[in-house]
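S.K.: Using the sequences plus the hints, can you model the full thing?
There are 2 protein chains.
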Amino acid sequence: MEDICRDIFQAHQDTIKVKKEAVGIKNLINIYNATLKLSNTKGFHAMTLRDLAKETGLSLGALYSYFSSKEQLLGIIQEQGYQLTSRILTGALEGVTTPEKRLSTAIRTHLYLSETMQPWFYFFYMEAKHLGKEDQKKAITSELYTEQLYTGILEQGVKTGAFRSHNTLLTASVIKAMLQDWYLKRWKYSRRKVGVDVYADFVCDMVNTYVRP
Amino acid sequence: MEDICRDIFQAHQDTIKVKKEAVGIKNLINIYNATLKLSNTKGFHAMTLRDLAKETGLSLGALYSYFSSKEQLLGIIQEQGYQLTSRILTGALEGVTTPEKRLSTAIRTHLYLSETMQPWFYFFYMEAKHLGKEDQKKAITSELYTEQLYTGILEQGVKTGAFRSHNTLLTASVIKAMLQDWYLKRWKYSRRKVGVDVYADFVCDMVNTYVRP
DNA sequence: GTCTATAGTGCGATAGAC
DNA sequence: GTCTATCGCACTATAGAC
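Those sequence lines, one after another, are chains A and B. Each step along the first sequence adds one to the number in our numbering, with nothing skipped, and position 154 is 155. Each step along the second sequence adds one to the number in our numbering, with nothing skipped, and position 16 is 17.
Just to be clear, a hint being listed does not mean it is correct.
The calculated lysine-lysine pairs, modelled on DSS-like cross-linking and capped at a C-alpha distance of 27 Å, are [said to hold, decoys possible]:
1) A/Lys-194 with A/Lys-43
2) A/Lys-138 with A/Lys-38
3) A/Lys-189 with B/Lys-138
4) B/Lys-134 with A/Lys-55
5) B/Lys-38 with B/Lys-186
6) A/Lys-38 with B/Lys-138
7) B/Lys-189 with A/Lys-138
8) B/Lys-134 with A/Lys-186
9) A/Lys-71 with B/Lys-43
10) A/Lys-134 with A/Lys-71
11) B/Lys-43 with A/Lys-139
12) A/Lys-189 with B/Lys-130
13) A/Lys-177 with A/Lys-130
14) B/Lys-38 with B/Lys-139
15) B/Lys-189 with A/Lys-160
16) B/Lys-38 with A/Lys-186
17) B/Lys-138 with A/Lys-186
18) B/Lys-177 with A/Lys-186
19) A/Lys-55 with A/Lys-38
20) A/Lys-71 with B/Lys-38
21) B/Lys-189 with A/Lys-139
22) A/Lys-43 with B/Lys-134
23) B/Lys-160 with A/Lys-189
24) A/Lys-43 with B/Lys-138
25) A/Lys-130 with B/Lys-189
26) A/Lys-55 with B/Lys-130
27) B/Lys-43 with A/Lys-38
28) A/Lys-177 with B/Lys-43
29) A/Lys-194 with B/Lys-130
30) B/Lys-177 with A/Lys-194
31) A/Lys-194 with B/Lys-160
Coverage of chain A stretches by chain B, computed from C-beta distances (three or more under 8 Å per stretch; other residues unrestricted) [unchecked claim]:
32) 43-56
33) 124-138
34) 159-173
35) 177-187
36) 192-200
Since the hints were derived computationally from the structure, they do not count as laboratory data. Note that this is a predicted model, so its numbers are computed, not measured. We put the CB at the ideal spot given by N, CA and C, even for glycine.
M.R.: So, in structure tokens, the structure goes:
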């Protein structure tokens, strides 16, 4: 969390009026956490800056030292998320060579990441349509990028004979759908005390059963 | 569409000030279509009643002859959707006895229904969190009801030996996730020219492969 | 760096003419 | 049954004190 906010602090020094890094990062963490909490309960649009001021303990004026408009606040959070996701996914797959291992690593990494950053992932999904035209394209690119990652692994597997021949694009799509369900319906799974490990095993099992020769 | 609106017209004669059924239904269709169109593009909260007036061709004052508040408009659409979904699903399964047939019928009916009523389903999913506390409970009940339907079919199949023993609750969850992906990501599937039949075959195939003995 | 106070805008909802 | 006109309110964003 602190790392994310340090990145943002340094990347947006033009719009962030606060100069001391320690103060800036502390408040950014506060603001983003509050934004995610409020947005994920009632929606970003329904969250007013007065709500946000109350939740953070900052004043309206102080908030505007950290972003130039409500819309920009939305954009910043989204953008940071895509970068982080693709960076971590790509990193986790480095050095993993066999298709079976790559598939299971990608699925598990994605699930564990969305587990620790659940509010962020939920936010990306639900607020994507409220973005400006420019940012909306980035959202679509991000969705297709991770899907492409799975398609690539599956096709590699078909080629090497590790997987049987099948519709890799549709398989990748439903893998994504299953991963997304994990962070979109957290209320359901936590109520049932289904942990991320159990869910990860299940998804890997179902996909493996389907694609194995 | 006309049937749905006739149901609503008759069920809400207390809040709908228009008395002539022909006029009432014609405008209700107009209003709900416009609401779905605008909400699904920019979100229900971001849609103003002035947007809605422009889209329907009605005035602000006229709109209020068909609902008592913006919030109630949201509630009416949601409620009607649940009733329709459960009615159609239950009806489709009537007389279908073997677990294999029941499973495939449920999946296909759900997909075909969400295909013809895509804007409604998308709306239910994305706007559920903006509902009042009362209506939110109904949304959760509805989600769990359809899931329960799949769990029931799967358990019956395990008992009769048609399916192997497996985690039926998680299987039902991911079936729902796959069905939801169909109407949540329509832009993706239609861009790729994947039709509902192809998708339905795929989902049935994947689930069957997983649960067969 | 953060505050309070407020300007300016656009909303949901209503009243009353037609 | 539908319209126009308008009220009161809550919002985003800013200006200036501390």
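S.K.: Are the Cα atoms of A/Lys-189 and B/Lys-130 separated by 27 Å or less?
M.R.: holds, 14 Å
S.K.: Is the Cα-Cα distance between A/Lys-71 and B/Lys-43 27 Å or less?
M.R.: Holds - the C-alpha atoms of B/Lys-43 and A/Lys-71 are around 16 Å apart, at most 27 Å.
S.K.: Verify the proposed pairing of B/Lys-189 with A/Lys-139, using a straight-line Cα cut of 27 Å.
M.R.: Holds, at roughly 15 Å.
S.K.: Given the hint that A/Lys-71 pairs with B/Lys-38, test it: the Cα-Cα distance must not exceed 27 Å.
M.R.: holds, 25 Å
S.K.: Given the hinted pair B/Lys-189 and A/Lys-160, is their Cα-Cα distance within 27 Å?
M.R.: At roughly 26 Å apart (the allowed maximum being 27 Å), A/Lys-160 and B/Lys-189 satisfy the hint.
S.K.: Between the segment 43-56 of chain A and chain B, are there enough contacts, at least three residues with CB-CB distance under 8 Å, for the coverage claim to hold?
M.R.: holds (count 4)
S.K.: Does A/Lys-139 sit within 27 Å of B/Lys-43, going by the straight-line distance between their CA atoms?
M.R.: holds, 17 Å
S.K.: Taken at face value, is the distance from the CA of A/Lys-186 to the CA of B/Lys-38 at most 27 Å?
M.R.: Roughly 25 Å separates the two Cα atoms, so the pair holds.
S.K.: For B/Lys-138 and A/Lys-186, compute the direct alpha-carbon distance and say whether it is at most 27 Å.
M.R.: Holds. B/Lys-138 to A/Lys-186 sits at ~15 Å (cutoff 27 Å).
S.K.: Hey, A/Lys-138 versus A/Lys-38, does the alpha-carbon distance stay inside 27 Å?
M.R.: Measuring from Cα to Cα gives roughly 25 Å; hence the hint holds.
S.K.: Okay, the segment 177-187 of chain A and chain B, do three or more residues pass the C-beta test at under 8 Å?
M.R.: holds (count 6)
S.K.: Assess, step by step, whether the Cα of B/Lys-38 is no farther than 27 Å from the Cα of B/Lys-186, and give holds or violated.
M.R.: holds, 16 Å
Checked against the numbered hints given earlier, the structure satisfies every one of them.
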